[in-house]
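Trainee: Take a look at the letters that make up each chain.
Protein chains: 2
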Amino acid sequence: MKNIYLTDIEVMGKLARVQFSNTLPGPKPISLIGTLSLDGQTNLAPFSTVTHLGSNPALIGLVSRPDMVDRHTLSNILETRCYTINHVHSGILDQAHHCSARYPRETSEFTATGLTPHFEPGIAAPFVAESRFRFALDLVETIPINANDTILIVGKVRLVQLPEEHLAADGSVDLTAIGSLASTALDTYFELSQPTRLPYAKAKNTL
Amino acid sequence: MKNIYLTDIEVMGKLARVQFSNTLPGPKPISLIGTLSLDGQTNLAPFSTVTHLGSNPALIGLVSRPDMVDRHTLSNILETRCYTINHVHSGILDQAHHCSARYPRETSEFTATGLTPHFEPGIAAPFVAESRFRFALDLVETIPINANDTILIVGKVRLVQLPEEHLAADGSVDLTAIGSLASTALDTYFELSQPTRLPYAKAKNTL
Chain D
44 MKNIYLTDIE VMGKLARVQF SNTLPGPKPI SLIGTLSLDG QTNLAPFSTV THLGSNPALI
104 GLVSRPDMVD RHTLSNILET RCYTINHVHS GILDQAHHCS ARYPRETSEF TATGLTPHFE
164 PGIAAPFVAE SRFRFALDLV ETIPINANDT ILIVGKVRLV QLPEEHLAAD GSVDLTAIGS
224 LASTALDTYF ELSQPTRLPY AKAKNTL
Chain R
44 MKNIYLTDIE VMGKLARVQF SNTLPGPKPI SLIGTLSLDG QTNLAPFSTV THLGSNPALI
104 GLVSRPDMVD RHTLSNILET RCYTINHVHS GILDQAHHCS ARYPRETSEF TATGLTPHFE
164 PGIAAPFVAE SRFRFALDLV ETIPINANDT ILIVGKVRLV QLPEEHLAAD GSVDLTAIGS
224 LASTALDTYF ELSQPTRLPY AKAKNTL
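If you're matching them up, the sequences are chains D and R in order.
For what it's worth, this note's numbering labels the leading residue of the first sequence as 44, then goes sequentially.
For what it's worth, this note's numbering labels the leading residue of the second sequence as 44, then goes sequentially.
Errors might be hidden in some of the hints.
No copy labels: a pair is met if it fits in one copy or bridges any two.
Cut-off 30 angstroms, straight-line C-alpha distance, at most; resulting in silico cross-link-like pairs (DSBU-like, lysine-lysine) [what the hints assert, rightly or not]:
id	residue 1	residue 2
1	K45	K245
2	K245	K57
3	K57	K199
4	K57	K45
5	K45	K199
I should point out that these hints are in silico values taken from the structure, not numbers from a laboratory.
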């Protein structure tokens, strides 16, 4: 095993340091966050920091950096208190990845990439019509992470949309059939394969 | 597409609601968190909430619920301010999943599952010897998430260990070769396949 200490990471070039640090969590989700500005401009941005926070109510976390290309996402969420999370599958991967480019505020990533906005009554933020597993959230709170000035956005799930045949009665969703991708680093995506489902773990008698 | 509203989630049975809510982020990482109590007891617990927060320094987030089986993890981290994150591969999946069972505090999950603790000089928390990609962190801060009384644990990476042949000069790590698994819900795990690496995205001329 190779040892890489904090000081080794600090002296990496910036791109290598960012690439390496972003591999540390292992496989990450990859979703497009859909938002609308108060003046009606749609926005889409890829995020890999979507995290389950709770189930009752269903709460989801999302980490945003104030100084990055996703700043339109954060400002739109603060303005409208509403956003969507749209899973990415291989059929829209190129477009999803391209939403990370630095478009000016007046350019919608929907227009730039050819993805289709889909609206539902009473929900300001656009869904991605091509996504097969997507949900809308209401902003609950934003929490500053002082260590590096990032922000944890906490949202409550309002509406989930997915193909009925991929939802089981026990609450499981077939991510392999839906085709949701995983990601790592800044630029690498994976298909999910060979799902293994294990029974609820009970303590063994270790005496 | 099937519509599932907040009220539909609220009336699910508890297990279905937890299972369903935990699928919403899509593919999640799955790691074993290694800790040591002040009285020298090792602990291992599976977490799927490991999130990249920053690269300079390398900061990683981890969400803990105060009222769950992972409470030994949280109390140990608060006591020693040190913990390890160990990727799970298929060769240790059964043992890793079994670390979620409710063992009493005096039982080490290492002993109960047969995984091997590995210590490095100056680092209190145990690594999992069988893990192929693992790192130790120093606690930076814990941040309360008031919406549901969970806690975001923020750590700074101190030492990363991985096979040298799977780390490229540009900072990329070959997660497929390492065999790191993804997870969803509470009980389902995936292999990563068909990696796709895309070039840095630049804004297209949309005029």
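Trainee: Run every hint past the structure and note whether it holds.
Mentor: Structure-based check of all given hints:
When the C-alpha separation of K45 and K245 is checked against a cutoff of 30 angstroms, the pair qualifies neither within a copy, at 35 angstroms, nor between copies, at 34 angstroms. Within a single copy, K245 and K57 get their C-alpha atoms only as close as 45 angstroms, which misses the 30 angstroms cut-off; across copies the closest is 18 angstroms, which meets it. Taking the closest pair of Cα atoms, K57 and K199 come within 30 angstroms of each other only across two copies (17 angstroms); inside a single copy the shortest separation is 35 angstroms, beyond that limit. Taking CA atoms no more than 30 angstroms apart as the test, K57 paired with K45 passes inside one copy only; the shortest distance there is 21 angstroms, against 44 angstroms between copies.
Proximity of K45 to K199 under the C-alpha cut-off of 30 angstroms is restricted to the inter-copy arrangement: shortest distance 19 angstroms between copies versus 42 angstroms within a copy.
Hint 1 from the earlier list is the only one contradicted by this structure; the remaining hints agree with it.
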